[in-house]
Amino acid sequence: MKTIEEIQAAIEAAVPGGEVTIVMNPSPAAQHSLLVGAGKAVAVAKFLRDDAELALDFCSNVTGVDWLDREIAEKVKVTKTVTKTVDGVEQQVEETVEETVKRAVPGYLECVYHLYSVAKKHGPVVIRMRTANRSDMVELPSLTPIWRGAEFQEREVFDLYGIVFTGHPDLRRILMWDEFKDHPMRKDYVLPDDFEYEPTPHDDVLKRAEAHRADVAQEGAAQ
Amino acid sequence: MAIDQELKIEMGKQGVVVTTLQELYNWGRKSSVWPMQFGLACCAIEMIATTMARYDLARFGAEVFRPSPRQADLMIISGTVTKKMAPQVVRLYNQMGEPRYVIAMGACAISGGPFKQGYNVLKGIDRYIPVDVHIPGCPPRPEALLQAFITLQNKIQAQPLTGPNRPRHLDAEAQGEFPVPVQGEHDLEPTSNPGVWTVPVVIR
Amino acid sequence: MSFTYFPLVVLFAAALAFGLVPLSLAWTWARFFSPRKPNAVKNSIYECGLVSKGDAWVRFRSAYYLYAIIFLIFDVEAVFLMPFAVAFTGLSMAACAAMLVFVLLLVEGLAWAWAKGILTWA
Ligand code: SF4
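Chains as they are written, first to last, in the working numbering: chain A, 1 to 223; chain B, 1001 to 1204; chain C, 2001 to 2122.
Rather than coming from a laboratory, the hints here were simulated on the basis of the structure.
Treat the hints with care, as some may be off.
Said to hold, decoys possible - With a Cα cut of at most 25 angstroms, we get these calculated DSS-like pairs of lysine-lysine:
hint, chain 1, residue 1, chain 2, residue 2
1, A, LYS2, A, LYS121
2, B, LYS1084, C, LYS2116
3, A, LYS121, A, LYS46
4, A, LYS80, A, LYS102
5, A, LYS102, A, LYS46
6, A, LYS181, B, LYS1084
7, B, LYS1155, C, LYS2037
8, B, LYS1008, B, LYS1155
9, B, LYS1116, B, LYS1084
10, A, LYS46, A, LYS2
11, B, LYS1116, A, LYS187
12, C, LYS2053, C, LYS2042
13, A, LYS77, A, LYS40
14, C, LYS2053, B, LYS1116
15, A, LYS102, A, LYS75
16, A, LYS187, B, LYS1008
17, A, LYS181, C, LYS2053
18, A, LYS181, B, LYS1116
19, B, LYS1155, A, LYS207
20, A, LYS120, A, LYS2
21, A, LYS40, A, LYS2
22, A, LYS187, A, LYS207
23, A, LYS102, A, LYS187
Claimed, not checked - Chain B regions said to be covered by chain C (calculated; three or more residues, Cβ under 8 angstroms):
hint, region
24, 1067–1073
25, 1086–1095
26, 1176–1188
Here a beta-carbon is modelled for each residue, glycine too, at the ideal position from N, C-alpha and C.
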């Protein structure tokens, strides 16, 4: 199979403006992935499926990832002019120092597709798409028109992460009930508090159980 | 009501059978407990095994699994009750005719089990409907289900027909409806039925 | 007046009683002893635990009735085909031909129904 760079080049040749970047995976698995811009994602997906050499005809897995707002600390080399005393004389000297720069990355939701080729017996090729933010601009193009099998999995991602897939034939909640408002797999989801009774509480649950116990004690005192 | 047990045995030896109305009534009830045919998760596989030839639940009078709540006496909650399923389970329980019994089978049905801290799992069906027998285990073995069934039979056998301890179906005052929880925006509403479940006191 | 048929009348009455007496006994028993606790949920339509949507009294298109008849005809045909298939090796040419004609007639009917557009639903 082609390397990830070759696939990227092929996509860029076939779909102009495809905005494909490589996301490296530094772990030993080295499963690098392609970050696809939402705008041309359907065209890119169509190319990946229909290209004679790639023929990625099977979408085995669709999943969501929730990235919170975070800060990335990076070491950068900065050249600065400093005043120094060299040989008893004050001088302006250029010096290169390492500095840690913190960069705030706004949060986003990500949808990851694992693609295989049944015809060519190769894979996986991992592609990702990212939403603009986590709150109101959470739309991504649905790839169900390309891989029919993605339908239920995209519904699941919609249900649990709240990514809205435009162009999906039947976008409803699939695991939770229709009236449900939250997205349980998001990292800032707060579980409903039904830990009144805990035989062996620990960590978070212990805190909640203790709060409940305090409540009960207060009620007892009030009566 | 009470008969002298020794006298009864003695008469039995002479070929005279005596009994009380209560015993007769309870014997009839306990020997024809028909379970409802539904399973919720992996525990259901063990429940199915229990009804098959090797364990043969039919020996105890649970002859047939009824596919309709109207014909069933026993609800075996065999598996994880998700919050999406809980209203359906409670509604089915409501649709069963009196007298009706519930066995909560497995860790999930008792307390949420391995999925207790999941966002979608009810932490024990006893929050909404009265449970007669709990069986721990993940999953409980078929023997455990048989044991639970025999426990239920013993419980039925011991129920008085009159007095304050009589079972619900003989008590004209007792309510027969258990409110079906509504699927709300964040959780089931209400999160438990206070008439059935109160927060247990933890003793350490 | 002849009482030739009197035993028949007695038998008829006995047969009727044989059916009705247990039924009425069961009904009487239930009337006085069954623990009744009706409520709205219990009396609602059984829909595997879900709330039923709409009415249980729905109208079927009358085309359904033609479906049923065609199904019935082919169902009965199977009854004839079964012994035919079992005895197939020992049958004469004429018998086979007769059977084929029979099947052909049925297929003709099916083709006619098809051409009339009965098999297209809705
Ligand atoms: S108790 Fe264990 S075996 Fe039973 S339903 Fe729960 S997870 Fe499955």
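Structure-based check of all given hints:
Restraint check: the Cα-Cα separation between A:LYS2 and A:LYS121 comes to about 13 angstroms, which is no more than 25 angstroms; the hinted pair holds. Taken as a hint, the B:LYS1084 and C:LYS2116 pair is broken in the structure, with Cα atoms around 47 angstroms apart against an allowance of 25 angstroms. The hinted pair formed by A:LYS121 and A:LYS46 meets the criterion: a straight-line CA distance of about 19 angstroms does not exceed 25 angstroms. For the given pair, A:LYS80 sits about 18 angstroms from A:LYS102 by alpha-carbon distance, which is consistent with the 25 angstroms threshold.
Of the supplied pair hints, the one linking A:LYS102 and A:LYS46 is violated, its CA atoms being roughly 39 angstroms apart against a limit of 25 angstroms. Distance hint between A:LYS181 and B:LYS1084 is fulfilled; the C-alpha atoms sit about 14 angstroms from each other, no more than 25 angstroms. Between B:LYS1155 and C:LYS2037 the alpha-carbon distance is near 22 angstroms, which keeps this suggested pair within the 25 angstroms criterion. Between B:LYS1008 and B:LYS1155, the direct Cα distance comes to roughly 22 angstroms. Compliance with the 25 angstroms bound is thereby established for this hinted pair.
With a C-alpha separation of about 15 angstroms, the suggested pair B:LYS1116 and B:LYS1084 falls inside the 25 angstroms cut-off, and the hint holds. With a C-alpha separation of about 17 angstroms, the suggested pair A:LYS46 and A:LYS2 falls inside the 25 angstroms cut-off, and the hint holds. Between B:LYS1116 and A:LYS187 the CA atoms are separated by roughly 18 angstroms; this keeps the pair inside 25 angstroms, and the hint holds. For the hint linking C:LYS2053 to C:LYS2042, the alpha-carbon distance of about 16 angstroms falls within 25 angstroms, and the restraint holds.
With a CA separation close to 36 angstroms, the supplied pair A:LYS77 and A:LYS40 exceeds the 25 angstroms bound. At roughly 32 angstroms between alpha-carbon atoms, C:LYS2053 and B:LYS1116 are farther apart than 25 angstroms, so this suggested pair is violated. For the hint linking A:LYS102 to A:LYS75, the alpha-carbon distance of about 9 angstroms falls within 25 angstroms, and the restraint holds. At roughly 68 angstroms between alpha-carbon atoms, A:LYS187 and B:LYS1008 are farther apart than 25 angstroms, so this suggested pair is violated.
Simply put, A:LYS181 and C:LYS2053 have alpha-carbon atoms about 23 angstroms apart, close enough for the 25 angstroms limit, and the pair holds. Taken as a hint, the A:LYS181 and B:LYS1116 pair is honoured in the structure, with Cα atoms around 21 angstroms apart against an allowance of 25 angstroms. Taking the CA atoms of B:LYS1155 and A:LYS207, the gap is about 39 angstroms. The hint is violated against a cut of 25 angstroms. Using a Cα cut-off of 25 angstroms, the hinted pair A:LYS120 and A:LYS2 holds, with the two alpha carbons roughly 12 angstroms apart.
Taking the CA atoms of A:LYS40 and A:LYS2, the gap is about 21 angstroms. The hint holds against a cut of 25 angstroms. The hinted pair formed by A:LYS187 and A:LYS207 meets the criterion: a straight-line CA distance of about 19 angstroms does not exceed 25 angstroms. Restraint check for A:LYS102 and A:LYS187: satisfied, since their Cα atoms lie roughly 22 angstroms apart, inside the 25 angstroms limit. Given as covered by chain C, the region 1067–1073 of chain B passes the check, having 3 residues with a CB less than 8 angstroms from a CB of that chain where 3 are the minimum.
Remark: the region 1086–1095 of chain B is confirmed as covered by chain C, as 7 of its residues place a Cβ nearer than 8 angstroms to a Cβ of that chain, reaching the required three. With 3 residues having a Cβ less than 8 angstroms from any Cβ of chain C, the region 1176–1188 of chain B passes the three-residue criterion, so the hint holds.
In this structure, the hints that do not hold are numbers 2, 5, 13, 14, 16, 19, in rising order.
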